[in-house]
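Here the protein sequences come in this chain order: A and B.
For the record, in the first sequence the residue sitting at position 333 is 333 according to the UniProt record's numbering, with numbers rising by one throughout.
For the record, in the second sequence the residue sitting at position 55 is 55 according to the UniProt record's numbering, with numbers rising by one throughout.
Hints in this document: simulated from the structure, not taken from any laboratory.
It is possible that some hints are incorrect.
What the hints assert, rightly or not - Partner residues are not named here, just some residues of chain B that face chain A (Cβ under 7 Å, in silico):
hint, residue
1, P186
2, L187
3, E189
4, A190
5, A192
6, M193
7, D194
8, G195
9, A196
10, P208
Note that the Cβ used here is the ideal one computed from N, Cα and C, for glycine as well.
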Amino acid sequence: MSAIDLIGVRKDYGSQTAIHGIDLALPEGAFIVILGPSGCGKSTLLRMVAGLETITAGELRIGGHRMNEREPKDRGCAMVFQNYALYPHMTVAENIGYPLKVAGMRRAERQARVAEVAASLELGALLGRRPGELSGGQRQRVAMGRAMVRQPRVFLYDEPLSNLDARLRVQMRLELRRLHEKLGATSVLVTHDQQEGMTLADHLVVMKDGRVEQAGTPREVYSRPASLFVAGFLGSPSMNLLPAEVLEGGDTLRLAGGHLVRLAEPLAERGRVTLGIRPEHVTTGGLPARVEMVEDLGASVLVHAQLEGGAAIAFHSPAEAAPARGEELGLGLPPARLHLFDPTTGRRLAAVARAESAHRGLDFPVA
Amino acid sequence: MERRATFRAPLLPWLLVLPQLLIVFVFFYWPSGEAFRWAFTLEQPWGGGREWVGWQNFLEIFVSTHYWASVRVSMIYAFGTSALAIVIALLLALFIDREVRGSRGWRVALIWPYAVAAPAIGMIFRFVFDARAGVFSLLNAVSPGFWDPSMNGTHAMVMLIFAGSWQLIAYNFVFFLAGLQSIPRPLTEAAAMDGAGPLRRMRDIQVPLLAPTFFFLVVINLTDSFTNSFGLVDIMTGGGPARATDIMVYKIYSDGFKGLDYSGAAAQSVILMLLVVALTFIQFRFVERKMRYR
Numbered sequence: 001m002s003a004i005d006l007i008g009v010r011k012d013y014g015s016q017t018a019i020h021g022i023d024l025a026l027p028e029g030a031f032i033v034i035l036g037p038s039g040c041g042k043s044t045l046l047r048m049v050a051g052l053e054t055i056t057a058g059e060l061r062i063g064g065h066r067m068n069e070r071e072p073k074d075r076g077c078a079m080v081f082q083n084y085a086l087y088p089h090m091t092v093a094e095n096i097g098y099p100l101k102v103a104g105m106r107r108a109e110r111q112a113r114v115a116e117v118a119a120s121l122e123l124g125a126l127l128g129r130r131p132g133e134l135s136g137g138q139r140q141r142v143a144m145g146r147a148m149v150r151q152p153r154v155f156l157y158d159e160p161l162s163n164l165d166a167r168l169r170v171q172m173r174l175e176l177r178r179l180h181e182k183l184g185a186t187s188v189l190v191t192h193d194q195q196e197g198m199t200l201a202d203h204l205v206v207m208k209d210g211r212v213e214q215a216g217t218p219r220e221v222y223s224r225p226a227s228l229f230v231a232g233f234l235g236s237p238s239m240n241l242l243p244a245e246v247l248e249g250g251d252t253l254r255l256a257g258g259h260l261v262r263l264a265e266p267l268a269e270r271g272r273v274t275l276g277i278r279p280e281h282v283t284t285g286g287l288p289a290r291v292e293m294v295e296d297l298g299a300s301v302l303v304h305a306q307l308e309g310g311a312a313i314a315f316h317s318p319a320e321a322a323p324a325r326g327e328e329l330g331l332g333l334p335p336a337r338l339h340l341f342d343p344t345t346g347r348r349l350a351a352v353a354r355a356e357s358a359h360r361g362l363d364f365p366v367a
Numbered sequence: 001m002e003r004r005a006t007f008r009a010p011l012l013p014w015l016l017v018l019p020q021l022l023i024v025f026v027f028f029y030w031p032s033g034e035a036f037r038w039a040f041t042l043e044q045p046w047g048g049g050r051e052w053v054g055w056q057n058f059l060e061i062f063v064s065t066h067y068w069a070s071v072r073v074s075m076i077y078a079f080g081t082s083a084l085a086i087v088i089a090l091l092l093a094l095f096i097d098r099e100v101r102g103s104r105g106w107r108v109a110l111i112w113p114y115a116v117a118a119p120a121i122g123m124i125f126r127f128v129f130d131a132r133a134g135v136f137s138l139l140n141a142v143s144p145g146f147w148d149p150s151m152n153g154t155h156a157m158v159m160l161i162f163a164g165s166w167q168l169i170a171y172n173f174v175f176f177l178a179g180l181q182s183i184p185r186p187l188t189e190a191a192a193m194d195g196a197g198p199l200r201r202m203r204d205i206q207v208p209l210l211a212p213t214f215f216f217l218v219v220i221n222l223t224d225s226f227t228n229s230f231g232l233v234d235i236m237t238g239g240g241p242a243r244a245t246d247i248m249v250y251k252i253y254s255d256g257f258k259g260l261d262y263s264g265a266a267a268q269s270v271i272l273m274l275l276v277v278a279l280t281f282i283q284f285r286f287v288e289r290k291m292r293y294r
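So that you can see chain A by itself, here it is in the shape it has in the complex:
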């Protein structure tokens, strides 16, 4: 059962199209993260769900009902804005209680409800303060309280953590997740931070240029990126991408330096492809490389090396066994860890890991 359905949803600004016909079904009760670089239309999409932007074409359903023409207040959504959008002339209690006041709830009842919400967010001592007297984290919690107080079915977050410093961001991330578990509503969060997306989401939607690139669990998206864009966007440091050529027979690649790489399964395609491998999956083997730089990450080191033929490759290495600069070593690219993409369209060419054989029929059209 899905909480929010988008069916061919489009958004045009004059002659410019911001969202190109998106189809998505967002599962009920899940924490959904919409991830993408700035300008990809993710905030616009969220605002269309909220009712702050009109929908040019297509249909939006929340809880199975068409919402296109409904006012924001009738959609059962609450929203937390990037800058929190707290009312500066109202106290914390008035801010949290505003949705109830508008709904016409009586004063005594309202105060009880506000006190309850404030207590659950540890804001009890701050109820008389104005937003200007609060820290960033506290403002964030007040914004949460204002969203929670109406007990909405759907929470919408527009980059809620981007204004916090790095440490507070991690802490608030946990708090958001905890709150989500407690409230049991559907949460939709928009962010450009891939780490936030990976850690928070039950269901990850990656967007680019007004289109959905891939949707699925963070694990699925990470281990089987559907395009070059997703492969490069998720993961830090990002995936190594090497130009290669498929040889006759389809199960061997030739790298720029002339070295051959075996594939787990033969490809239908011939000619140029892009080979991807994550830094944590590179092993030792027979591929000659020269170390150019070693970055110490604390727990491990990140080695930047150059393959024969000029391609750059980065990989993790235990801190104790870190190679020195200029050292020559042999690298291995395990067939099960390789990702292959069409270099012109950017689409994924073949699945590699055998564990995902369920999908193989799709990925290997002709063997």
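With chain A held as given, fit chain B onto it using these hints.
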């Protein structure tokens, strides 16, 4: 950070501000000083000797029923004009703010009335509100005596208030629109998400956040209505009928230049000046300081 220019020659900074100081002195401090001096003396209408009379001019003003009537109509005019101009400008700005595109062009177009000289406005409105022409002549034909600002003091005052606020609306509108546009958009969007309709959002979010602009405009409009209304009154009513629109600035003019009572007029202008100083003081002291949220 403190920015301060340093001059090696101690005379140079004084020379640099001298032109400005001269202008302010010649056109403000000198005449004001003369007004103060005249207020405490008796001036001969055709020049010549003057006599120090202390507070006598002021005492004469304060026991004059005409003067208090003038203060009363000034208050009615000032508060009526300010209230009308602020309310209408606020409504216009609130409704335009929702759909503003190319607001720059609008701002220029809407500030023009403020640049029109008061006598010109007075002339136009005199025609518009003339009892013997246009719409009002028709209404008067249907119901005689319905409208006649040349005979009815209330009508004359209403006409003046309309003309005065027409000019101020333009000015206020620009400030309100700028104030509204500086309210972060997510605030009204958040209120929309919280269930507030457009009117409710205006009442709960936009108008309260405009409070600083509002108080600024109240003071500016009151000051303007007290001091800048001469042109309108002179063209439209000449203070009449029966002193019904004899507001303070106009009375100063008519007592001084028509009645040739220079000293009485000077004393009245000193009182008006103090009133404006008091309003300005309120503006700087209370309004500008207290209206801060962040």
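Checked hints:
A distance limit of 7 Å between C-beta atoms decides the matter here; for B/P186 the minimum to chain A is near 4 Å, and the interface restraint holds. For B/L187, the interface hint holds, the least distance from its beta-carbon to any beta-carbon of chain A being 5 Å, beneath 7 Å. Checking B/E189 against chain A: minimum C-beta separation of about 5 Å stays under 7 Å; hint holds. Among the interface hints, the one on B/A190 holds; its C-beta lies about 4 Å from the nearest C-beta in chain A, closer than the 7 Å criterion.
The closest approach between the C-beta of B/A192 and any C-beta of chain A is roughly 5 Å, which is under the 7 Å cut-off, so the hint is satisfied. Nearest Cβ of chain A to the Cβ of B/M193: about 5 Å, under the 7 Å cut. The hint holds. Hint on B/D194 holds. Least Cβ distance to chain A is approximately 4 Å, under the 7 Å limit. Because the beta carbon of B/G195 sits about 4 Å from the nearest beta carbon in chain A, less than 7 Å, this interface hint is met.
Checking B/A196 against chain A: minimum C-beta separation of about 5 Å stays under 7 Å; hint holds. Against a cut-off of 7 Å between C-beta atoms, the interface hint on B/P208 holds, since the closest Cβ of chain A lies about 5 Å away.
In this structure, none of the earlier numbered hints is contradicted; all agree with it.
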